[in-house]
Structure formats: structure tokens, C-alpha cells
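S.K.: Sequence:
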Amino acid sequence: MSKKQLFARILLVLVVFGLNASVDQITKHWAREEVRGRPASEYIGGIVVITYAENTGAFLGLGSKLEGPLHTLMLLFLPSLITLAGLIWLCAKIGAMSIAELVIVSCFLAGGASNLYDRIAFGKVTDFLLFRFGPVSTGVLNVADMSITFGAIAFVIVMFVRERKSLAAKKIEAAKSDNQV
Numbered sequence: 001m002s003k004k005q006l007f008a009r010i011l012l013v014l015v016v017f018g019l020n021a022s023v024d025q026i027t028k029h030w031a032r033e034e035v036r037g038r039p040a041s042e043y044i045g046g047i048v049v050i051t052y053a054e055n056t057g058a059f060l061g062l063g064s065k066l067e068g069p070l071h072t073l074m075l076l077f078l079p080s081l082i083t084l085a086g087l088i089w090l091c092a093k094i095g096a097m098s099i100a101e102l103v104i105v106s107c108f109l110a111g112g113a114s115n116l117y118d119r120i121a122f123g124k125v126t127d128f129l130l131f132r133f134g135p136v137s138t139g140v141l142n143v144a145d146m147s148i149t150f151g152a153i154a155f156v157i158v159m160f161v162r163e164r165k166s167l168a169a170k171k172i173e174a175a176k177s178d179n180q181v
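Under my numbering, read the sequence shown as residues 1 to 181, first letter to last.
In short, the hints are calculated from the structure, not lab data. Each hint should be verified, as a subset may be incorrect.
Derived pair list, reagent style DSS-like, types lysine-lysine, alpha-carbon separation capped at 25 angstroms [stated by the list, open to error]:
1. LYS3 x LYS93
2. LYS4 x LYS93
3. LYS165 x LYS176
4. LYS93 x LYS165
Treat the numbers as computed from the prediction; the structure is a model and nothing was measured.
Start from the sequences and build out the full structure, keeping to the hints where you can.
M.R.: Here it is as C-alpha cells:
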């Protein structure tokens, strides 16, 4: 890989990461300033609900009852360590990953880093979006949560497709070997 290609990949990661984290922080600031203290508002026939919530835990409030050192370990130290390890891994693999994989991992890490920033800066994460699909609804979440969810689901799909292609290639090679005997 040329230096120019590597630079382009690094720039892509920085742009995707920066846009994800920026949009998340801007929308959270908007929610703190404009949504807090107001009644919930429904849009698109009630599918999208804008409502303010503060989450002192992790995803869907998990760990919100933790206190003291356990809270610090589980909601600050561990996520910091995972985010740092993810960024180091991304840097090490940046040349070997596809463009799609770089975008996916950048979304995932940006969401985690942005929520981590909230926990450190505010002691809680600002949530303001809820989605309803008939009788099913999400918990109240934010743009970072959507980035994390998108990243995780897309990564699993990409890995599944890659594995299927690898298995297909192995079958073709095995068939070629059998025909040469």
C-alpha cells in the first residue's frame, strides 16, 4: 500500500470518526438546551419520539445502580480501555481492512468514545430519541448509540459475508484439486 493510499485511509477514518462524534455531541447539546423539561414530541406518525433522558449507566441504563469504585471501573475505566484498544487495533489493521470495514469500525468507536466523553464530562449520557414500531419500541437513545449499533450489526454482516466467500473459494479450490487427480 502506498503512502498516499494509507493517508487516504487515515483521513477517511478521521472524517467518519469526527463526523459521528460531532453530530452526536451537537445533537446532545441541542437536547440539553431545547428538549430538557419539555413534553415528548412525536413525529412520522409516532415512529420517532423526541424526549429527554439522562442515563447514568451504559446501554439502556445497565449499571446505573453501580456506585463508587465499581461504577468507575465498569462505566469509565473499562470503556476507556476498550476504546483505546479498539483505536490501536484500527491503526494496526488500517491497511488490511476494506473501506467498508474502516467506516464501520470508525462509527462503532466514535459512538463509544462520544458516550464515554459524556460520562467523563457530565457524569451521565444524554439520550433523546425513541423509536416505536407498532407495539415494539427502543429505549431512549442518542446518535452515538445508533452509531454503535450500526457498527456492530454491519461488522457482523461483513464478517459473515467474508466467511461465506472464503468457504466458497475453498470449495472451488478443493474441486479443482479433485479434478486434477
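S.K.: All hints are to be evaluated individually against the structure, with a verdict given for each.
M.R.: Quick rundown of the hints versus the structure:
1. Annotation: proposed proximity of LYS3 to LYS93 holds, straight-line Cα distance about 15 angstroms (limit 25 angstroms).
2. For the hint linking LYS4 to LYS93, the alpha-carbon distance of about 16 angstroms falls within 25 angstroms, and the restraint holds.
3. A C-alpha spacing of about 17 angstroms is found between LYS165 and LYS176, which places the hinted pair at or below 25 angstroms, so the restraint holds.
4. The suggested pairing of LYS93 with LYS165 holds, with an alpha-carbon distance near 20 angstroms, which does not exceed 25 angstroms.
Checked against the numbered hints above, the structure breaks none of them.
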